[in-house]
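Undergrad: Top line first, the protein sequences correspond to chains A and B. Heads up, the first sequence is in numbering that gives the first Met the number 0, so the first residue is 0 and it goes up one at a time. Heads up, the second sequence is in numbering that gives the first Met the number 0, so the first residue is 0 and it goes up one at a time.
These are computed hints drawn from the structure, not numbers from a lab. It cannot be assumed that every hint is accurate.
Treat identical chains as interchangeable: a pair holds within one or across any two.
[To be verified] Mimicking BS3-like on lysine-lysine, the simulated pairs with C-alpha atoms at most 27 Å apart in a straight line are:
1) Lys75 - Lys4
2) Lys90 - Lys75
3) Lys89 - Lys22
4) Lys181 - Lys89
5) Lys167 - Lys17
6) Lys89 - Lys68
7) Lys4 - Lys17
8) Lys140 - Lys17
Number of protein chains: 2
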Amino acid sequence: MKDEKYYVSYNTVHNLVKGLAQKLIDSSFNPDVIVAIGSGGFIPARIMKTFINRPIYAVGISYYGVDKKHKNYPTKIQWIDEVQEQIRGKKVLLIDEVDDTRATLAYCVGELLKYKPEEIAVLVLQNKLKEKDVNFPPEIKRYYPAQEIGDLWIKYPWDADDIEEHTKLEKAMLERQASRSK
Amino acid sequence: MKDEKYYVSYNTVHNLVKGLAQKLIDSSFNPDVIVAIGSGGFIPARIMKTFINRPIYAVGISYYGVDKKHKNYPTKIQWIDEVQEQIRGKKVLLIDEVDDTRATLAYCVGELLKYKPEEIAVLVLQNKLKEKDVNFPPEIKRYYPAQEIGDLWIKYPWDADDIEEHTKLEKAMLERQASRSK
Chain A
0 MKDEKYYVSY
10 NTVHNLVKGL
20 AQKLIDSSFN
30 PDVIVAIGSG
40 GFIPARIMKT
50 FINRPIYAVG
60 ISYYGVDKKH
70 KNYPTKIQWI
80 DEVQEQIRGK
90 KVLLIDEVDD
100 TRATLAYCVG
110 ELLKYKPEEI
120 AVLVLQNKLK
130 EKDVNFPPEI
140 KRYYPAQEIG
150 DLWIKYPWDA
160 DDIEEHTKLE
170 KAMLERQASR
180 SK
Chain B
0 MKDEKYYVSY
10 NTVHNLVKGL
20 AQKLIDSSFN
30 PDVIVAIGSG
40 GFIPARIMKT
50 FINRPIYAVG
60 ISYYGVDKKH
70 KNYPTKIQWI
80 DEVQEQIRGK
90 KVLLIDEVDD
100 TRATLAYCVG
110 ELLKYKPEEI
120 AVLVLQNKLK
130 EKDVNFPPEI
140 KRYYPAQEIG
150 DLWIKYPWDA
160 DDIEEHTKLE
170 KAMLERQASR
180 SK
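With the rest of the complex left out, here is chain A:
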């Protein structure tokens, strides 16, 4: 049901990130830096900073050209360069909101590996359980999805026009799920 929408409120995003921070601590992975993939990773990354207090470097990837047409390859719209010394030999926590086809995440991992980090761990709010276009390279040993869900249309709070309505739609969805599982 690709048309089914999966609503996520801001408070849910906050709690998912808090849970992931605890998972990181439990797994003894102690990152030196956070790299946020823009723009979906910005909000989860900023919340993660509250719990693990590491600097955030932002990278921007776009699949849209100046003609606003979707392309099959990404363009870097902001990239780490003067700060690549911040990556070399460091433990990097790469954050995005969703692992859908895995294309963006794998591209960013590949680019960041060129800077010779000690390790890159990948963290997302939702991993969609579907066939991926690409796999992670073997260097990725730690992968932290807060939730694994079907191939739904995820509605993130930051994309909402009416955030009160969005928050209510999540509540109704969660109540439906709860009554179904009784």
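Dock chain B against the given chain A, drawing on the hints supplied.
TA: Chain B alone, transformed into the frame defined by chain A:
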């Protein structure tokens, strides 16, 4: 009352940004790019993108050295360089969460002006009505604070440990304010 806390929930942040987007449109300021000051500006900037759909460039400023001691001058932890061509001749919307002493904002404005933008507009969620350490240079002709408040301790949602409690505290605060103004 410097110790008084001013709570802001995520949904309030979202609505403040939505209101600011409308103000931008009403004032006919049509930015080419968003520059987010990290890490406080990341979340407002990402929400603004929903309403005006412009690319976000992130810049990071820290007043803390590697010794974690507070300094009186900022250090750039990520800066625009390969993308400075994205700034030249462009209308820039610079976003941070708060205008407190104005030091960070004025510093970023000064650095960005070196790249010869057509204009820089400054946008914040809250402007604290207090004596500022520095003024904006005369190049700043547009300044958009969503709220002007006293010198309170603003509690942003992304800094909350318990986000449900935080959301309740904002609700209680707003109810107290509403009953006082009756």
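Undergrad: Now tell me if each hint is right for this structure.
TA: Hints, verified against the model:
no.	hint	verdict
1	Lys75 - Lys4	neither (29 Å within a copy, 40 Å between copies)
2	Lys90 - Lys75	both (22 Å within a copy, 21 Å between copies)
3	Lys89 - Lys22	within (20 Å within a copy, 43 Å between copies)
4	Lys181 - Lys89	neither (46 Å within a copy, 56 Å between copies)
5	Lys167 - Lys17	both (22 Å within a copy, 18 Å between copies)
6	Lys89 - Lys68	between (36 Å within a copy, 22 Å between copies)
7	Lys4 - Lys17	both (24 Å within a copy, 23 Å between copies)
8	Lys140 - Lys17	within (21 Å within a copy, 40 Å between copies)
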